[in-house]
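Visitor: Next come the chains, spelled out residue by residue.
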Amino acid sequence: MDLATLLPFLVNVIVGGLVLGFVYAIIALGYTMVYGVLQLINFAHSEVFVTGAVVGFEVFRILAPNPMNGYLKLLIALVAAMVISGGLNVLIERLAYRPLRNAPKLVPLITAIGVSLILQDVLRVIEGFQGRFDLTYTLPDEFGSKFCAAGTGCGGVGDFLRTIGVDLQVKDVILIVVALISLTVLNYVVNRTRLGKAIRAVAQDRVTAGLMGIDSNLMISATFLIGGALGGISGVLYGMKVGTLNAYSGFEPGLVAFTAAVLGGIGSIPGAVLGGLLIGVIQKLVSVMSVLGEVVGSENLKTIDDSYSKMGAFVVLVLILIFKPTGLLGKSNTEKV
Amino acid sequence: MTAVNPTAPKRTLPAPDRTFLLVLFFIVTSALLLASHNQDILNGPLGNVLRNPILEAVVVSLFLANVLFAYLWRAAPWAKALVGLGSLLFVLPLAGRADTSLLDLSIQIMIFAALALGLNIVVGLAGLLDLGYVAFFAVGAYTWGVFASPRFAELLKFANENPGAAGGPTLLLGVVTMLAGLCLYVWFQRRQFDTRAAWIITVALSASLFAWFWIGRSIFTLGEQLWSPTVLWLIFVPLIIYLVTLAVKHQRGAEVRNDLLGLSRIISGLAGVVGLILVIRAINLFIASRAAGLESGIDPNFFWLFLAISVLAAAIVGVLIGLPVLKLKGDYLAIITLGLGEVIRVLANNLDLYTAGSQGITPIKSAAVPWFNSLAGFLGFTEDQHYLLFLYVLVLVVVAIILLVNVRLDRSRIGRAWIAIRDDEVAAQAMGVPLVQTKLIAFATGASFAGVMGMIFAAKQTFISPESFNLFQSIGVLSMVILGGMGSFPGVILGATVVTLLNLRILPGLGEATANISWIPQQVNPGQLQRLVFGAILVAIMLLRPEGLLPNKRRVLELHHDENQEDDSAEGNAGALGAGNTGDVYSPGKAPIKEDDRSGGAK
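For the protein sequence lines, the chains are R and Z, in the order given.
As numbered in this note's numbering, residues 1 to 337 make up the first sequence, in order.
As numbered in this note's numbering, residues 1001 to 1603 make up the second sequence, in order.
Misleading hints may appear alongside valid ones.
In the DMTMM-like style, the derived pairs of lysine to aspartate or glutamate whose C-alpha atoms are separated by at most 25 Å in a straight line are [unchecked claim]:
{"hint": "1", "chain 1": "R", "residue 1": "LYS310", "chain 2": "R", "residue 2": "ASP167"}
{"hint": "2", "chain 1": "Z", "residue 1": "LYS1365", "chain 2": "Z", "residue 2": "GLU1383"}
{"hint": "3", "chain 1": "R", "residue 1": "LYS324", "chain 2": "Z", "residue 2": "GLU1558"}
{"hint": "4", "chain 1": "R", "residue 1": "LYS73", "chain 2": "R", "residue 2": "ASP159"}
{"hint": "5", "chain 1": "R", "residue 1": "LYS241", "chain 2": "R", "residue 2": "GLU142"}
{"hint": "6", "chain 1": "R", "residue 1": "LYS324", "chain 2": "Z", "residue 2": "ASP1352"}
{"hint": "7", "chain 1": "R", "residue 1": "LYS105", "chain 2": "Z", "residue 2": "GLU1425"}
{"hint": "8", "chain 1": "R", "residue 1": "LYS241", "chain 2": "R", "residue 2": "ASP134"}
{"hint": "9", "chain 1": "R", "residue 1": "LYS310", "chain 2": "Z", "residue 2": "ASP1352"}
{"hint": "10", "chain 1": "R", "residue 1": "LYS310", "chain 2": "Z", "residue 2": "ASP1259"}
{"hint": "11", "chain 1": "R", "residue 1": "LYS73", "chain 2": "R", "residue 2": "ASP134"}
{"hint": "12", "chain 1": "Z", "residue 1": "LYS1327", "chain 2": "Z", "residue 2": "GLU1383"}
{"hint": "13", "chain 1": "Z", "residue 1": "LYS1365", "chain 2": "Z", "residue 2": "ASP1384"}
{"hint": "14", "chain 1": "R", "residue 1": "LYS324", "chain 2": "Z", "residue 2": "GLU1425"}
{"hint": "15", "chain 1": "Z", "residue 1": "LYS1327", "chain 2": "Z", "residue 2": "ASP1259"}
{"hint": "16", "chain 1": "Z", "residue 1": "LYS1157", "chain 2": "Z", "residue 2": "ASP1299"}
{"hint": "17", "chain 1": "Z", "residue 1": "LYS1365", "chain 2": "Z", "residue 2": "ASP1352"}
{"hint": "18", "chain 1": "Z", "residue 1": "LYS1365", "chain 2": "Z", "residue 2": "GLU1467"}
{"hint": "19", "chain 1": "Z", "residue 1": "LYS1327", "chain 2": "Z", "residue 2": "ASP1017"}
{"hint": "20", "chain 1": "R", "residue 1": "LYS105", "chain 2": "Z", "residue 2": "ASP1423"}
{"hint": "21", "chain 1": "R", "residue 1": "LYS105", "chain 2": "Z", "residue 2": "ASP1424"}
{"hint": "22", "chain 1": "Z", "residue 1": "LYS1080", "chain 2": "Z", "residue 2": "ASP1017"}
{"hint": "23", "chain 1": "Z", "residue 1": "LYS1157", "chain 2": "Z", "residue 2": "ASP1352"}
{"hint": "24", "chain 1": "Z", "residue 1": "LYS1249", "chain 2": "Z", "residue 2": "ASP1259"}
{"hint": "25", "chain 1": "R", "residue 1": "LYS324", "chain 2": "Z", "residue 2": "GLU1383"}
{"hint": "26", "chain 1": "R", "residue 1": "LYS241", "chain 2": "R", "residue 2": "ASP215"}
{"hint": "27", "chain 1": "R", "residue 1": "LYS310", "chain 2": "R", "residue 2": "GLU252"}
{"hint": "28", "chain 1": "R", "residue 1": "LYS105", "chain 2": "R", "residue 2": "ASP167"}
{"hint": "29", "chain 1": "R", "residue 1": "LYS146", "chain 2": "R", "residue 2": "ASP205"}
{"hint": "30", "chain 1": "R", "residue 1": "LYS105", "chain 2": "Z", "residue 2": "GLU1558"}
{"hint": "31", "chain 1": "R", "residue 1": "LYS241", "chain 2": "R", "residue 2": "GLU252"}
{"hint": "32", "chain 1": "R", "residue 1": "LYS241", "chain 2": "R", "residue 2": "GLU58"}
{"hint": "33", "chain 1": "R", "residue 1": "LYS324", "chain 2": "Z", "residue 2": "ASP1424"}
Cβ pair distances, simulated, as ranges [claimed, not checked]:
{"hint": "34", "chain 1": "Z", "residue 1": "ASP1104", "chain 2": "R", "residue 2": "GLN130", "range": "34 to 40 Å"}
{"hint": "35", "chain 1": "Z", "residue 1": "ALA1211", "chain 2": "R", "residue 2": "GLY165", "range": "37 to 43 Å"}
{"hint": "36", "chain 1": "R", "residue 1": "GLY165", "chain 2": "Z", "residue 2": "GLY1357", "range": "44 to 50 Å"}
{"hint": "37", "chain 1": "R", "residue 1": "PRO99", "chain 2": "Z", "residue 2": "ARG1190", "range": "48 to 54 Å"}
{"hint": "38", "chain 1": "Z", "residue 1": "TRP1214", "chain 2": "R", "residue 2": "ALA64", "range": "55 to 61 Å"}
{"hint": "39", "chain 1": "Z", "residue 1": "GLN1192", "chain 2": "R", "residue 2": "ASP167", "range": "57 to 63 Å"}
{"hint": "40", "chain 1": "R", "residue 1": "LEU218", "chain 2": "Z", "residue 2": "THR1462", "range": "55 to 61 Å"}
Just so you know, these hints were derived from the structure itself, not from any lab.
From the three backbone atoms N, C-alpha and C, an ideal C-beta is built for every residue, glycine too.
Go ahead and model the full structure; you've got the sequences and the hints to work with.
Guide: Written out as structure tokens, the structure reads:
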């Protein structure tokens, strides 16, 4: 097979990986922010994220007969998911993590696992009472079409995409745009506002921040609120991307996103984004290995099927933790006695 | 915790003697259990009430509480022995004769008790949160499952069709490689090198390993993914990248000798594993040439040998998983073990030749013990119960051995080292505890218990598939350890019993009871609420009673450190020493809980 067909294929894989990567990046931000202030892996974040996805599903389902603009529906879904997921995350922190703030490190971690399990079944029961288990998104029609299809008159962009052979749907573009907007807003909040400054101070040293008049409990709640809201956004985006999910499906993307956070350097916001994008591309590459094997004619590549793509993330995680535990953009911290 | 609060008035009176109460309780619950599983009574007028799954679960729980009380209460030794042994060796099998599912349940409870005891070493004693523990269980199960089932014939067939190199040379090469790898590994462990020598050794080793793989690939047409270039690249690309980063660091003046030596160790270890695989392959070929009579797997008499092999295999996997990850701690370790556990499951799902993928392996043989069968027949057990009764006795013995090993280990030098690491890694290291070695022993010991029980599990279920070993199982075992109390052996067994009863009896019972209620849709049947229950156990215990139901003394002091702190400063060490009324609190297994029934929270 020649280069002319291989190249667009690879470009598509990378673009697809980036689209997936943006979702991972936003989930990873939820992990990394909480880790930044509490040094706790919030295992329940994957369920906060699925809650967002379920809220998005419900909004789209309820609004489906409504003839309103699809983008407005999306906005409602995003806002609802942000509010509910953010509130849920704050609630979790208040009820489950705050009483254990000074306990040995394993204790809040085990609690987090427990909270995650409880939320999975609570979500399942809530949806189950309506007779559902697998939730299939009913997206507005305009989201499913191809982005800048021929003859839609979107000028140079469409031509350019066609030339390099990229195949994008409208929902992919929405996903990227929403992700970029939330990343920009987050960056502004964390780096340019008083709130962000206070959060960063608490992350650096909770006691000293308290001496400077910062209410560290409030700031931790704020961090959980922001992290949860990001989880809500990513939930809706993930639901749009994959189409079908259930109460248990947060585990895998959650773990991948956590890998992304570690890859970028946990606690570092740009690191989480970089890690998310990288993991997205890696995962996409692994999952198309068998196709690639078909293309290049390699017997061995053909045997790598899609189920290994999950393993790909784990292997990356293991390698990163063994060889560079601080991640790509993280700072090393030596343990003090 | 009043029991450990040093300001509380000192107890002078021992707990009341409850010999009579214990024996009475034993007789009543045994009678209840036997009656509720008696076919005649079940078919009588009371049958419908007794058949209620919830009631049955309550009766079984009450009966099992016997053993707990025999442990907790102060009573005459003969009464304790009578109740403990009588319940497990006499009444339970007797009731199991009438109702086979009771035997099944007891076996499950004990399998999980052994798993929980193993995880307890890793989590409770050494303080390493392992979320992929079930992987070792899987290793044990597949060790027996692959050999003692028709899968073995498939393997032999495959080996016959793809002979590769002849058996003899392959065996020789495998043995040589394995020994060379192991020797090199030990050599590196013991010797000091300067940086230049470390560079030369590492690069030479990497090159020879690469050459070995490359040549091996063409000589042995193994036809299996194991040998493919993909694996080659998976190993060597990261290796080369890492070497290059080390070179860059070296150029900048950083000390890289230890990294290089570590890498050399890993490579030689890898060579050892490759050699082992070759040896297995050669043996496989050898057996393949005389495959007649192996269609349904190897002779069941190998069961006893495989008990040892599964322990070894799981321990080796424990070390292999432990080696790279043990320099991490706390939450990182948790997530990486979780990842590796999932990797093992995905591998089990994908290595179709060995594990039959997601279809699973079936039927798996059990040991053949004719003398036991005749004994069981003599005792009035029906033909189909012999096998379960045998497994019941076997797991009972294995759990007893595991418990004994645990108690002995806990009081040994290594047990104290584990606890030291758990409490403060840096301080322990400063006191001369070898961190990696001690943690590896914890991993390997915990893994070996899971391995042997995995094998028994495979023999009991006669069917295993990757789905039996998912993450959720690991979390279930973790919740047993947490519920009972990390680091406390009786607590862990109690936790295993409670969680298994909940999981296998009470939840399905609830599910059955509510199945016909119209307003509850099928999707929310309480029989499937395991996650909620496990999660609630984890959260509730951590929030309300982090030391668990039957706590370990030392753990209580640790977790309630804040509350005791003032008193510590005022009274020096008296708080810690006064708590147990003996000088023994430094070794938790010895803590005389029987005299301290105020801290036994189960009542």
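Visitor: Take the hints in turn and mark each one as holding or not.
Guide: The hints, checked one at a time:
1. Taking the CA atoms of R/LYS310 and R/ASP167, the gap is about 24 Å. The hint holds against a cut of 25 Å.
2. At most 25 Å may separate the alpha-carbon atoms for a hinted pair to count; Z/LYS1365 and Z/GLU1383 meet this at roughly 16 Å.
3. Restraint check: the Cα-Cα separation between R/LYS324 and Z/GLU1558 comes to about 33 Å, which exceeds 25 Å; the hinted pair is violated.
4. Taking the CA atoms of R/LYS73 and R/ASP159, the gap is near 29 Å; set against the 25 Å cutoff, the hint is violated.
5. For the suggested pair R/LYS241 and R/GLU142, the alpha carbons sit about 14 Å apart, so the restraint of at most 25 Å is met.
6. For the suggested pair R/LYS324 and Z/ASP1352, the alpha carbons sit about 34 Å apart, so the restraint of at most 25 Å is broken.
7. With a C-alpha separation of about 13 Å, the suggested pairing of R/LYS105 with Z/GLU1425 holds against the 25 Å cut-off.
8. Proximity of R/LYS241 to R/ASP134 is assessed by CA-CA distance (about 15 Å); at most 25 Å being required, the pair is judged to hold.
9. Restraint check for R/LYS310 and Z/ASP1352: satisfied, since their Cα atoms lie roughly 18 Å apart, inside the 25 Å limit.
10. Straight-line distance between C-alpha atoms of R/LYS310 and Z/ASP1259 comes to about 29 Å, which puts the hinted pair past the 25 Å bound.
11. Taken as a hint, the R/LYS73 and R/ASP134 pair is honoured in the structure, with Cα atoms around 21 Å apart against an allowance of 25 Å.
12. Between the alpha carbons of Z/LYS1327 and Z/GLU1383 the distance comes to roughly 52 Å, so the proposed pair goes past 25 Å and is violated.
13. A distance of roughly 14 Å separates the Cα atoms of Z/LYS1365 and Z/ASP1384; the hinted pair therefore holds under the 25 Å criterion.
14. Between R/LYS324 and Z/GLU1425 the alpha-carbon distance is near 21 Å, which keeps this suggested pair within the 25 Å criterion.
15. With a CA separation close to 13 Å, the supplied pair Z/LYS1327 and Z/ASP1259 stays within the 25 Å bound.
16. Proximity of Z/LYS1157 to Z/ASP1299 is assessed by CA-CA distance (about 18 Å); at most 25 Å being required, the pair is judged to hold.
17. Distance restraint check for Z/LYS1365 and Z/ASP1352: the Cα-Cα separation of roughly 20 Å lies within the 25 Å cut-off, and the hinted pair is therefore satisfied.
18. Using a Cα cut-off of 25 Å, the hinted pair Z/LYS1365 and Z/GLU1467 holds, with the two alpha carbons roughly 20 Å apart.
19. For the hint linking Z/LYS1327 to Z/ASP1017, the alpha-carbon distance of about 49 Å lies beyond 25 Å, and the restraint is violated.
20. A C-alpha spacing of about 11 Å is found between R/LYS105 and Z/ASP1423, which places the hinted pair at or below 25 Å, so the restraint holds.
21. Simply put, R/LYS105 and Z/ASP1424 have alpha-carbon atoms about 12 Å apart, close enough for the 25 Å limit, and the pair holds.
22. Between the alpha carbons of Z/LYS1080 and Z/ASP1017 the distance comes to roughly 12 Å, so the proposed pair stays at or under 25 Å and holds.
23. A threshold of 25 Å between alpha carbons decides the hint, and for Z/LYS1157 with Z/ASP1352 the separation of about 14 Å falls inside it, so the pair holds.
24. This hinted pair checks out: Z/LYS1249 and Z/ASP1259 have alpha carbons roughly 11 Å apart, not beyond 25 Å.
25. Taking the CA atoms of R/LYS324 and Z/GLU1383, the gap is about 59 Å. The hint is violated against a cut of 25 Å.
26. The hinted pair formed by R/LYS241 and R/ASP215 fails the criterion: a straight-line CA distance of about 39 Å is larger than 25 Å.
27. Straight-line distance between C-alpha atoms of R/LYS310 and R/GLU252 comes to about 8 Å, which keeps the hinted pair within the 25 Å bound.
28. Distance check on the hinted pair: R/LYS105 and R/ASP167 sit about 47 Å apart at the alpha-carbon level, beyond 25 Å; violated.
29. With a CA separation close to 49 Å, the supplied pair R/LYS146 and R/ASP205 exceeds the 25 Å bound.
30. Of the supplied pair hints, the one linking R/LYS105 and Z/GLU1558 holds, its CA atoms being roughly 12 Å apart against a limit of 25 Å.
31. Distance restraint check for R/LYS241 and R/GLU252: the Cα-Cα separation of roughly 15 Å lies within the 25 Å cut-off, and the hinted pair is therefore satisfied.
32. For the given pair, R/LYS241 sits about 16 Å from R/GLU58 by alpha-carbon distance, which is consistent with the 25 Å threshold.
33. The suggested pairing of R/LYS324 with Z/ASP1424 holds, with an alpha-carbon distance near 24 Å, which does not exceed 25 Å.
34. In this structure the supplied range 34 to 40 Å holds for Z/ASP1104 paired with R/GLN130, their Cβ-Cβ distance being about 36 Å.
35. For Z/ALA1211 paired with R/GLY165, a C-beta distance near 41 Å keeps the hint of 37 to 43 Å intact.
36. Distance hint check for R/GLY165 and Z/GLY1357: the Cβ-Cβ separation is about 36 Å, which falls outside the suggested range of 44 to 50 Å.
37. The given range of 48 to 54 Å is respected by R/PRO99 and Z/ARG1190, whose C-beta atoms sit roughly 49 Å from each other.
38. Distance hint check: the CB atoms of Z/TRP1214 and R/ALA64 are about 59 Å apart, consistent with the given range 55 to 61 Å.
39. Between Z/GLN1192 and R/ASP167 the CB atoms are about 58 Å apart, so this pair conforms to the stated range of 57 to 63 Å.
40. For the pair R/LEU218 and Z/THR1462, the beta carbons lie near 58 Å from each other, so the given range of 55 to 61 Å is met.
Going through the hint list in order, the structure does not satisfy hints 3, 4, 6, 10, 12, 19, 25, 26, 28, 29 and 36.
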